[in-house]
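Colleague: Letter by letter, the chains look like this.
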Amino acid sequence: MKEDRSISENPLKVNRRHFFSQLSVGIGSLALGSLLIPDLFKGSPQTLESRALGIPHFAPKAKRVIYLFQSGAPSQLESFDYKPTLVNRMGEDLPESIRNGQRLTGMTSDQDKFPLMPSAAKFAQHGKSGAWVSEYFPYIAKIVDEICIVRSMHTEAINHDPAITFFQTGSQQSGRPSMGSWMSYGLGSENQNLPSFVVLTSRGKGNSQGLYSKLWSSGFLDSKHQGVLLRSGKDPVLYLNDPEGISRSDKRHLLDHVSSLNKIHHVETGDDEIESRIAQYEMAYRMQMSVPDVMDIKKEPESIIKLYGEDSQVPGTYAANCLQARRLAENGVRFIQLYHQGWDQHGNLPNEMAGQAKDVDQASAALILDLKQRGMLEDTLVIWGGEFGRTNYCQGNFDPKNYGRDHHPRAFSIWMAGGGIKPGITFGETDEFGYNIVENPVHINDFHATIMNNLGLDHEQLIFKYQGRRFRLTDVAGNVVKDILA
Amino acid sequence: MTKKNSSLWIDYVIFGLTVFLVFCLVFESFIDPPSLVAWLGRWHPLILHFPIVLLLMAAAIGLFNQIVPKLLLTIATLSALVTAITGFFLGTESVPKGDLLFWHQWMGAGVAILAVLWYWVSTNHLQQTYLVKGIQLVLITLIGFTGHYGGMITHGEDFLALPKIKKLEKIPENPLIYQHVVHRVLDNNCIGCHNPNKTKGGLLMTSIGELVKGGESGPALVIGDPDNSELVRRLHLPMKDEEHMPPDGKKPLSVNEIQILERWIALGASDTLKLSHLDNSEPLAGMVIKMMDTGAKNSWSKLPKVADSTLQNLASDYITIKRIASNSPALSISVYLPPEYDPKNITDLKRVANNIVELDLSGIPIGEKEMDLVAMCKNLEWLEIDKTPVTDTEIKKLIGITGLRVLKAYETDISDESVAVLKDFKGLKSLYVWETQISDMGLLELKEAIPNLHIDSGIDPELKIEFIAKDTIVNSIQ
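So the sequences go chain by chain: A and B.
Everything in the first sequence is counted per the working numbering, starting at 1 for the first residue and increasing by one.
Everything in the second sequence is counted per the working numbering, starting at 1001 for the first residue and increasing by one.
Heads up, a few of these hints could be off.
Computed far set for chain A versus chain B, every beta-carbon distance over 10 Å [stated by the list, open to error]:
#1 N88
#2 G101
#3 G130
#4 S208
#5 S247
#6 L261
#7 E268
#8 I297
#9 Q313
#10 H346
#11 N436
#12 V438
#13 G456
#14 I463
Mimicking SDA-like on lysine to any residue, the simulated pairs with C-alpha atoms at most 20 Å apart in a straight line are [said to hold, decoys possible]:
#15 B/K1305 x A/G127
#16 B/K1302 x A/A59
#17 A/K61 x B/T1320
#18 B/K1097 x B/G1151
#19 A/K299 x B/T1436
#20 A/K61 x B/S1254
#21 A/K128 x B/K1464
#22 A/K299 x B/P1389
#23 B/K1274 x B/K1305
#24 B/K1290 x A/D483
#25 B/K1464 x A/H126
#26 B/K1464 x A/E310
#27 A/K306 x B/S1457
#28 A/K128 x B/P1461
#29 B/K1464 x A/G127
If you are wondering where the hints come from, they were derived from the structure by calculation, not from laboratory data.
Here the structure is a predicted model, which is why all the values come from computation and not from measurement.
Using N, Cα and C, we set each Cβ at its ideal position, and we do this for glycine too.
Here chain B stands alone, though its shape is the one from the complex (with noise of 0.2 Å):
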C-alpha cells in the first residue's frame, strides 16, 4: 500500500517538473527568473554529470535486453529533468543565446522530456519493445551530443580539437600588427568568452569593428585613445576588481601584450600596419619583436626530450650539460679545455644534437670534425666560437641553422668569405667579430643584410684611446 503510494507521489513529482520544463521553454521569452533561482541554474554544471552517468547505464542495460530498475530509472528521470531545469535558469544569464547554447538546451530538453516517455512507458510495463529500444538508442546518442556542446561552452569550441596548430605558429618575419599579433593577444585570451556563441557582456572581440562598436558597458575600444578604452581600463585594473579581464582565474595578459595592444590602439587601431613600416624608435616594434622572441621560447617545448641519464653519460669534468630550465628539454653546453684534448668528447654530443640551444665552445682547438657536430645542431640559438682555429670553410657548415641569434666569433681567422654566409642568419641580433679578417665593407654589407643586427667589431676607437691614455682624474690623495 505505501509502496503504491510512493509510486504514485514519484509519478506526480515527474509530472509536475515535465510540465514546468516544457512551460519554461514554450514561454521562455517571457520568463525572467529571480535572482535565486538564477542561482539555482549554477547548479546545473554539478547536477547534469547524474543524468549523464545514470541514463547512460539504464539505457546500456536495457539494450542488452536486461530488466532495467525501476529505481535506477525514476532516479535517472528524476536527475534529467532537474538538470534540464536548471540548465534553462542557467541559460537565461546569457542573452543573446549563441548558436551553442541553443541546441544544447534544446537538446537537453530533449533528452528530459524522451527520459519520461521512457518511464511512463516502462510504468505501462511495455519494457522489451521496439519503442523502448528506440527510445534508449535516441538517448544515448543525444546525451553525447547535449554533452559535447554543454563542453564545448563551458571549455570553448576548440577543447577537444586535436592540438592546434594555430597557436604555436611562429609570427610571420614581418607581420601585421593586427592580424598576427594583436588578434593572436586577442584571440589567446578574450575570444574564448566574446564570440557569436558566447558573448559575455554582449562584447564581441572577433574584430575591430565589433571592438569599437561595444557592448554593454560601452564601446571597447576608442580608436587612438587607449586611455578611454574598456578593454585598456579593464586590462590595468587590480587583480582582484570584479571587473579586471581576463576574470578570476583565467591567466592575466603580460606587461608586454598590455602594452602592444594600447600602443596599437594609440596609433590608430590600424589593420594594415606592418612591422615595417613603424620606426626603429617607435616603442611598438620593440614590443613586437620581444613578443616574437618569446614566441621562440616557447618553441622549444617542441624539442624531443631528453633524458637525464643521457645528460649525465654525455657530461664530463670538461663538458657541463644544463637543461635551461627545470623540466626543459632545451640545453645549454659548455666546453672548457681539458689536458688532454680529444674531439670524439664534443662529436659525442650528436645524440642530443637537437636539443642544444646554446653551445660555447670558445677557446676549444676545433676543427672540421666539431663544425659538424655544430652543424647538426638545428636549433641552436647562441653559439661562441670565439678564440678557436676556426676559418670561414667551418663558417660556412654553419648554414641551415636559421634561429641562429647570438654569434661569438672574435679573435678568429674567418673573413668576408664568411660574410656571404653570414647574412643569410635573418634572425641573427649580435655578432661579435673583432680581431677577425673581416673588412669594414664586409661589415657593411652585413649591415645592409640583417637591419636589426647589433654588429660589435670591439670597443669604440675613441673611447679605448681615453682609457688608455693617462688617467684624468685630479685631486687624489697619493
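In isolation and in its complexed conformation, chain A is listed as follows (with noise of 0.2 Å):
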C-alpha cells in the first residue's frame, strides 16, 4: 500500500510498437550527437513513459483546489459582467449582427424576438482593484481585492448535461476521466488515509439541474482516482462504518485474508483492478478514524461558524460544505469538488438569482478569507463558477421585474483565488451587449490547462493511453493563461 503505483507495469511488457519508438529514439539522438545539438549533454526531456506519477512536472504553484461550481449557470449578467448598455436599450431586440447566428436551445428558438433584458440587480465598483460586482454578492464584493474575475470564458455546449460534463472532463461526451481523478492521478495523494478527490453537493431553491456520479468518474484511470461524495449527517461515507457487534481488530483479521486471497487472484489474472481493490479496503478502513474526524465541525469555534454564516451549522448547506472544504483541503485532500445547485433561471431571474446568492455568497467569501489567515491561499486553488452564461435577452414575458434567461454559451464570468493566479484583477471583456467576448477569450481547455499549469502540471505531458488512443483532459487543444498568473 504504501508504494507509489507508479505505473507499475510488468518491465517485460514492452509491446513492439514501443520498442521501436525507443530504438529509434536511442539511435536517433546518438547520431544526431555532439555535432548537432550543442545542449546534448543539459539532458533531453524525459520521454512521457518515463516520467513518474504520483509527482508535478515542475514546482507547483497550488497544491490542491477547492472547486465551488455553481451548477445551472448563474447568470453572468447579474453578477460580475456590468453591461450600462442593456440599460439604455431595453428591449430593443438583439441585433443578428452580434447573434451572428448562434444557435439556441429549444426553450428559446421559437420566440418571435429577443429583446434585451438589462441586470435588475445594481452594480457597484469594489475594493482597490475596482471590480464590478452586483449587488446579490455584497460578501465577495468585501473580498474582490483577491480574487481574480474571468469575464471572457467560453464553451461549445449550450444544454446543461453536456456543459457541466465538459467542464468536469474535459469532453462535452461522458466517460472521460474528472479533472479531479486527473488531478489524483497525476499528483497523487497528500494524505494516505483520505481520498485524493472529495465531492460535496448542496441544493439551492432555485431551478435545479441533475448531479450524477459520472461527474466525479475516473473513467478510464485507476478507479482510485474516483471521487467520493460525502454526504452530510450521521454517515458521511455509506457503508464505512462496521455493522454493530464488529470490533475494529476482527474487521482488521477480515481485511488481511481478503487481501491474502486477493494477492493470489492478482498472481494469477494480472489484473490491476484487484491491486485497487486492495488499496481501497484499507483505505476505507482508515478513513473509518478520518473521516469522522475530518466532518465533526463541531471543533471549529464560534468565530469561524459566524464567519462562512448561520448556515454552516446546518449539515448539507453550502456554507457548511465551504466550511468543510477547508477542513478537508487543510488534510491533504487534492481535489474538493463542490457542487451548489439550482442556478437554471430560466424564469423568475431575479428573485431566484438572489436567494442563489445568498446561499453562496457569504461562505465562498469567507472561505477565501479563512484560506488566507492559514496561509492556504498560497498553496490552494480556489474557482467559482457555473457551466455557462446566460442570455442576454429576455426569456419568456418581458417584465424587468421577473425575467428569464435563456442558456448563452459564447461568454460568461467565473473567479479564480488564490494558488498562483493574479489577485485582485479582472481579465477578459465582452461587447457592451455582453454576448461575444472582445477580448482575451478563455476556452475551457484553456482553463484546465492553466489549473494543471499551477499545480505543477504540464497539460500536454499527463497523458493516459486507453484503447489505443493517447488522452489528455485538453485533449489536443489549451493554452495556459500566462496572464492571470502571478
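Combine the two chains into a complex, taking the hints into account.
Modeller: In C-alpha cells, the structure reads:
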C-alpha cells in the first residue's frame, strides 16, 4: 500500500511498437549527437513513458483545488459582467450582427423576438481593483482584491449535461475521467487516510439541474482516483462503518484474509484493478477513523462558524460544505469539488438568483478569508463558476422585475483565487451587449491547462493511453492563460 | 604504371591545395568569397573531425616506430588541407576576428602545412628521421591547441572550464540592478556571441557603453526608451523571426527577464541603481525579487541526492513524502496525526533533513525532540507548526534556518520572546501568527526588521465584523 504505484507495469511487457519507438529515439539521438545539438549534455526532456506519476512535472504554485461549482449556470449579467448598454437599449431586439448565427436551445429558439434585458441587480465597483460586482454578492464584493474575475470564459455546449460534463472532464460526451481524477492521477495523494478527490453537494431553492456520479468518475483511470461523495449527517460515506458487534480488530483480521485471497487472484490474472481493490479496502479501514474526525465541525470555534454564516451549522448546506472543504484541504485532500444546484433561471430570475446568491455569497467569501489567514491561499486554488452563461435577451414574458434568461455559451464569468493566480484583477472583456468576447477569450481547455499548470503539471504531458489512443484532460487543445498567473 | 600515375596525381592535388591555402592566407584582406564558397565554409565543423583523428593516428603510429601507411598519411593530409581551407572560408564570415579565431586560423593552417611537409618528406623516403619525429610531435600538440581554440569559438570560452561558481552565485540581498541582475541576464544569454572574441553583428554586450554604441543594426540600447532599443525589439519578435534573439535553438529569455531589461532601460539604464533605491510600487522591484526567488529554486539542484527507496522507508500512512517536482531532490513532507502518536517517526526524518524544503507539522503534538529535527533541516523554506504546543523555547531552535520563506505558527503560545528570533529571518515573506501571545508592539518590531514581510495577524477586524454581523442581503425569496 505504501508504494507509489507509478505505472508499475511489468517491465517485460514491452510491445513491438514501443520497442521500435524507443530504439529509434536511441539511435537517432546518438547520430545527431555532439555535432548538431550543442545542448546534448544538458539532458533531454524525459520521454512520456519515463515520467513518474504522483509527482508534479515542475515545482507547483498550488497543491490542491477547491472548486465551488455553481450548477445550472449563474447569470454573468447579474453577477460580474456589468453592461449598462442593456439599460439604454432595454427591450430592443438583439441585433443579428451580434447574435451572428449562434444556435439557441429549444426553449427560446421559437421566440419571435429577443428583447434585450438589463440586470435587475445594481452594480458597483469594489475594492482597490475597482471590480464590478452586483448587489446580489455583497460579501464577495468585499474580497474582490483577493480574487481574479475572468469575464471571458466560453464553451461550445448549450445544454447543461454536455456543458457540465465538458467542464468536469474536458469532453462534452461522458466517459472521460473527471478533472479531479486527473489531478489525483497526476499528483498522487497528500494524505493516505483520505481520498484525494472528494465531492460535496448542496442544493438551493432555485431551478435545479441534475447531478450524477459520472461527473466525478475516474473514467478509464484507475478507480482509486474516483471522486468520493461525502454526504451530510451521520454517515458521510455510506457503508463505511462496521455493523454493530464487529470490533476493529475483527475487521483487521477480515481485511488481512481477504487481501491474501485477492493477492492470489492478482498473481493468477494480473488484473491491476485487483490491487486497486485491495488498496481501497485499506483506505476505507483508515477512513473509518479519519473521516468522522474531519467531518466533525463541532471543533470549529464560534467565530469561524459565524464567518461562514449561520447556515454553516446546518449539515448539507453550501456554507457547511465550504467549511468542510477547508477542513478537507487542511487534511491534504487534493481536489475538493463542491456543487451547489439551483442556478438555472429561465424565469423568475431576479428573485431566484438573489436567493441562490444568498446561499453561496457569504460562505464563498468566508472561505477565501479563512484560507488566507491560514496561509493556505498560497497553495490552494479556489474556483467559483458555472457551466455556461445566460443570454442577454429575455426568455418568456418581458417584465424587468420578473424575467428569465436562456443558456449562453459564448461568454460568461467565473472567478479564481489563490494558488498562483494573480489577485485583484478582472480579466477579459465582452462587447457592450455582453454577448461576444472582444478581449482575451478563455476556453474551457485553456482553463484546464491553466489549473494544471499551477498544480505543477504540463497539460500536454499528463497522458493516459487507453484503447490505443492517448488521452489528456485538454485533449488536443488548451493554452495556459499566462496573464492571470501571479 | 597506373599506380605511379595516380600517386603523382595526388601529389599535384596536395600541392595545388597548399598553394591555394597559402594564397588565401596571404591575401586574406582582399578576398571576398562568393556566397557559394562561403557556404562551403559551413562544412568546416563536419570535416574537421577527419584530420584530427587521422593525423593523430598517423603521428602516433610513427612515434611508436611503426611504418605509417602511405594511404593513411595521404588521406590525413588531404583532409587537413580541405579543413583548413573550409575553415578559412568560414572565418571570413565573422569580421572582425577575435583573438580566438585569429589563433585558431593560424594554428589550423600550421597543422595543414606541417602535414604537407610530412607528406613530402615521407614520399622522399625519409620515414625514420628525427625530423619526422619532430614533425609528428609538433603536429600532436598543434592539433590539440587548434581543436581547443575551435571548441572555444563554437561552445564558448568557458565550455571546458570547471563548473562555474559564477552562475550559481546567489544574487546578493540588495543587488546592483545592472551588475547583479541585468548583466547576469546578458551574460547567461547574450554575451556568449557578443564578446570581443565572437562579435556577432558587430555588437558587443559586455558593458552599457558598448550596448549604447551598438553594432551593425545601430545602437542596441537607447537610454530611457526601451521601445526604440534594438535589443528589446528583437527580444519581442516572434520566435520564428530570423532576427529574434537569442537565435533559434538557444533558450529564449523568460518574460520576467525581458521585463526587467525593459524597465531598467526605461529607468535610465543606470549602473549604480540598487534594489533598495526602488519604491515598493516600482514594478522593477517586484520583478527583481521574483528573479531572486527563482534563483532560490535553482539552488535545490544542489541538494544531496536521495533515493526513492529511502523515501519509501520513511513514509507511512501518516507521513507523506513528496518530491517537489519529478527528479528533484527537494522534498515536501506532510505529517498527519495517527491514532497513536510516536515522535520517533518524525525524528527518523533526520536521514533526509537536508533535503526537506517544506514541512507541515500543523496540529501534531510536537515537542523539543521534533523541533530538534526541524532545526536540522537547514534548507527549509516552508514550515507549518500551527495548532501545535510549541513555545518560545522551540522557536529558538529555528535559528540557523536562514532560507525560511513561510512560517505558519498561528494558534500557538509563542510570545514576544520569539520576535527576537524571528527578526533574523531576513528572507521571510509570510508569517502567520494570529491567536498567539505576540503583542502589537512585537509585530511592529518585526515589521521594521523585515520590511518585505507579510504578517498575517488574522482577518481584518473590521471586515470580520461585517461578516459576523447580520446578513445584509435584500430582495431574497424566502
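Colleague: For every hint, state whether the structure bears it out.
Modeller: Okay, the hints, checked on the actual structure:
For A/N88, the non-interface assignment is confirmed: its Cβ lies about 23 Å from the closest Cβ of chain B, beyond the 10 Å cut-off. Distance check on A/G101: its Cβ is at least 32 Å (rounded) from any Cβ of chain B, clearing the 10 Å threshold; non-interface status holds. The beta carbon of A/G130 sits about 17 Å from the closest Cβ of chain B, which is more than 10 Å, so the claim that it is off the interface holds. No beta-carbon of chain B comes within 10 Å of the beta-carbon of A/S208; the shortest separation is about 15 Å.
With 10 Å as the threshold on Cβ separation, the claim that A/S247 sits away from chain B holds: the shortest Cβ distance comes to roughly 15 Å. With a closest Cβ-Cβ approach of about 22 Å to chain B, A/L261 is found to remain outside the 10 Å limit, as its non-interface label requires. Chain B leaves A/E268 outside its interface by the beta-carbon criterion, the shortest separation being 27 Å against a cut-off of 10 Å. For A/I297, the requirement that its beta carbon stay farther than 10 Å from each beta carbon of chain B is met, with the minimum near 15 Å.
Every Cβ of chain B is farther than 10 Å from the Cβ of A/Q313; the closest lies at roughly 14 Å, confirming the non-interface assignment. Non-interface status of A/H346 relative to chain B is upheld: no Cβ of that chain comes within 10 Å, the nearest being about 16 Å off. Listed as outside the interface, A/N436 is consistent with that label: its C-beta sits roughly 27 Å from the nearest C-beta of chain B, beyond the 10 Å cut-off. Remark: the non-interface label on A/V438 is consistent with the geometry, its nearest Cβ contact in chain B lying 23 Å away (cut-off 10 Å).
Its closest Cβ contact with chain B, about 6 Å, brings A/G456 to no more than 10 Å, contrary to its assignment away from the interface. Under the 10 Å C-beta cut-off, the non-interface status given to A/I463 relative to chain B holds; the minimum distance is some 14 Å. For the hint linking B/K1305 to A/G127, the alpha-carbon distance of about 47 Å lies beyond 20 Å, and the restraint is violated. Proximity of B/K1302 to A/A59 is assessed by CA-CA distance (about 15 Å); at most 20 Å being required, the pair is judged to hold.
With a C-alpha separation of about 18 Å, the suggested pairing of A/K61 with B/T1320 holds against the 20 Å cut-off. Simply put, B/K1097 and B/G1151 have alpha-carbon atoms about 16 Å apart, close enough for the 20 Å limit, and the pair holds. A C-alpha spacing of about 19 Å is found between A/K299 and B/T1436, which places the hinted pair at or below 20 Å, so the restraint holds. Using a Cα cut-off of 20 Å, the hinted pair A/K61 and B/S1254 holds, with the two alpha carbons roughly 17 Å apart.
A C-alpha spacing of about 18 Å is found between A/K128 and B/K1464, which places the hinted pair at or below 20 Å, so the restraint holds. Taken as a hint, the A/K299 and B/P1389 pair is honoured in the structure, with Cα atoms around 17 Å apart against an allowance of 20 Å. With a C-alpha separation of about 36 Å, the suggested pairing of B/K1274 with B/K1305 is violated against the 20 Å cut-off. At most 20 Å may separate the alpha-carbon atoms for a hinted pair to count; B/K1290 and A/D483 meet this at roughly 16 Å.
Our distance criterion of 20 Å between C-alpha atoms is met by B/K1464 and A/H126, whose separation comes to about 17 Å. Using a Cα cut-off of 20 Å, the hinted pair B/K1464 and A/E310 holds, with the two alpha carbons roughly 14 Å apart. Distance hint between A/K306 and B/S1457 is fulfilled; the C-alpha atoms sit about 19 Å from each other, no more than 20 Å. A hinted pair counts as satisfied when its Cα atoms are at most 20 Å apart, and A/K128 with B/P1461 qualifies at roughly 18 Å.
For a cut-off of 20 Å, the pair hint linking B/K1464 to A/G127 stands: about 16 Å separates their Cα positions.
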